[in-house]
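Visitor: As a plain string of letters, each chain reads:
Number of protein chains: 2
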Amino acid sequence: MHSKLLDQLIQSLRCLPGVGPKSAQRMALYLMERNRTGAALLSETITEALQRLGRCQQCRALTEEAVCRLCSNPNRDQSLLCIVGSPADMFAIEQAGSYNGMYFLLTGHLSPIDGIGPQEIGISELLTLLDSRPVQEVILANNPTVEGEATASYIAALLRDRELSVSRIAHGVPVGGELEFVDGGTLSHAFNGRLRLK
Amino acid sequence: MHSKLLDQLIQSLRCLPGVGPKSAQRMALYLMERNRTGAALLSETITEALQRLGRCQQCRALTEEAVCRLCSNPNRDQSLLCIVGSPADMFAIEQAGSYNGMYFLLTGHLSPIDGIGPQEIGISELLTLLDSRPVQEVILANNPTVEGEATASYIAALLRDRELSVSRIAHGVPVGGELEFVDGGTLSHAFNGRLRLK
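The listed protein sequences derive, respectively, from chains C and R.
Quick note: the first sequence, position 87, residue 124 per the working numbering, numbers continuous.
Quick note: the second sequence, position 73, residue 110 per the working numbering, numbers continuous.
So that you can see chain C by itself, here it is in the shape it has in the complex:
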């Protein structure tokens, strides 16, 4: 408005997900008026991350090293391999803290209509990894969406002849959720996947 450069800053902040015009304006004013140290650090960190962040050779997660900290951790169980569709899913599983195996990151899910086939999401890299590592169980943690389910089924079929077990994470009623507000598909899954207690 009164400064072209400030307008440019507001515009470039809008590339961040979930940031609209008002938030971008608030962020730009905050960075320039109140926290120039934070702004300088942010700019430097983004530049450094752009230069140095690549993919881990094993799990394909973002990392600045050849093999990420998680894959090179000797305390993790090498016999378990969890397959996820996005880095955010990997973060969520790690934050839950109950899984101690390895990961493999697909770049998305199969979606033939968008031209995304097995090569695009990294299936061949997955097979190479399985050939070279002592994996005994593959856990399919793809999203419970149509594409996620299709990808999980495809991988399960592909691994049928190998000597390893393949499992899918359980679908059901979320812990703390109320049955009344759970959708029909989830309830059907919860009934089909019921566990015998006695």
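Hints in this document: simulated from the structure, not taken from any laboratory.
Since the structure is predicted, the reported quantities are computational estimates derived from the model, not experimental observations.
Possibly wrong hints are sitting among the right ones.
One copy or two, either will do: identical chains are not told apart, so a pair holds if it fits within one copy or between any two.
To be verified - In silico EDC-like links for lysine to aspartate or glutamate, alpha-carbon gap of 20 angstroms or less:
#1 41 with 184
#2 41 with 81
#3 41 with 101
#4 59 with 44
#5 59 with 70
#6 41 with 85
#7 41 with 217
#8 41 with 102
Given the coordinates of chain C, assemble chain R onto it according to the supplied hints.
Guide: What follows is chain R alone, placed relative to chain C:
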């Protein structure tokens, strides 16, 4: 988690206002996985803004020039001077689009308990500006908070002996608001400031 640099990026994104751990993570992954061009542009723009954005010599708003685009616009009414407490307020007034005069930006409001006196918010710069410009009316658009009202009263008292009119923006019921949900203080203001129609 699996990358120190990615953690640093998430941490530095948290300096933005309104960005918590989950949003910062989402932003970092988005910038690195999906929009490296946008990330590079953002980093460059922040650096450039840090180097070049200073204060307008007249209104003290953020600008990369000596005098901002608004102050150097010959179509604006030089006889009106609107005093605001923050750049965001100035943006809001400009976006409303009904005001065509000049601005002066105070750096906050008077708050003696926090050690913020007239010198800290730029009162002397305001007086210098009034001496050098053909201002006929000063419009006090400080926030309707305790500090904002105190600042407005202080400035009004300071300008009492000058040959210019001083006004305060109207307080009352917001347009589109319902009386039922308007607080008592605002309603009192709306009654005290009522306009005679006939």
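Visitor: Hint by hint, note whether the structure agrees.
Guide: Hint-by-hint comparison with the structure:
1. 41 with 184: The answer is neither: 44 angstroms in one copy and 32 angstroms across copies each exceed 20 angstroms.
2. 41 with 81: between (22 angstroms within a copy, 15 angstroms between copies)
3. 41 with 101: between (35 angstroms within a copy, 8 angstroms between copies)
4. 59 with 44: within (12 angstroms within a copy, 27 angstroms between copies)
5. 59 with 70: Result: close within a single copy only, 16 angstroms intra versus 25 angstroms inter.
6. 41 with 85: between (27 angstroms within a copy, 12 angstroms between copies)
7. 41 with 217: neither (53 angstroms within a copy, 43 angstroms between copies)
8. 41 with 102: Classified as between: cross-chain Cα gap 10 angstroms, same-chain 39 angstroms, threshold 20 angstroms.
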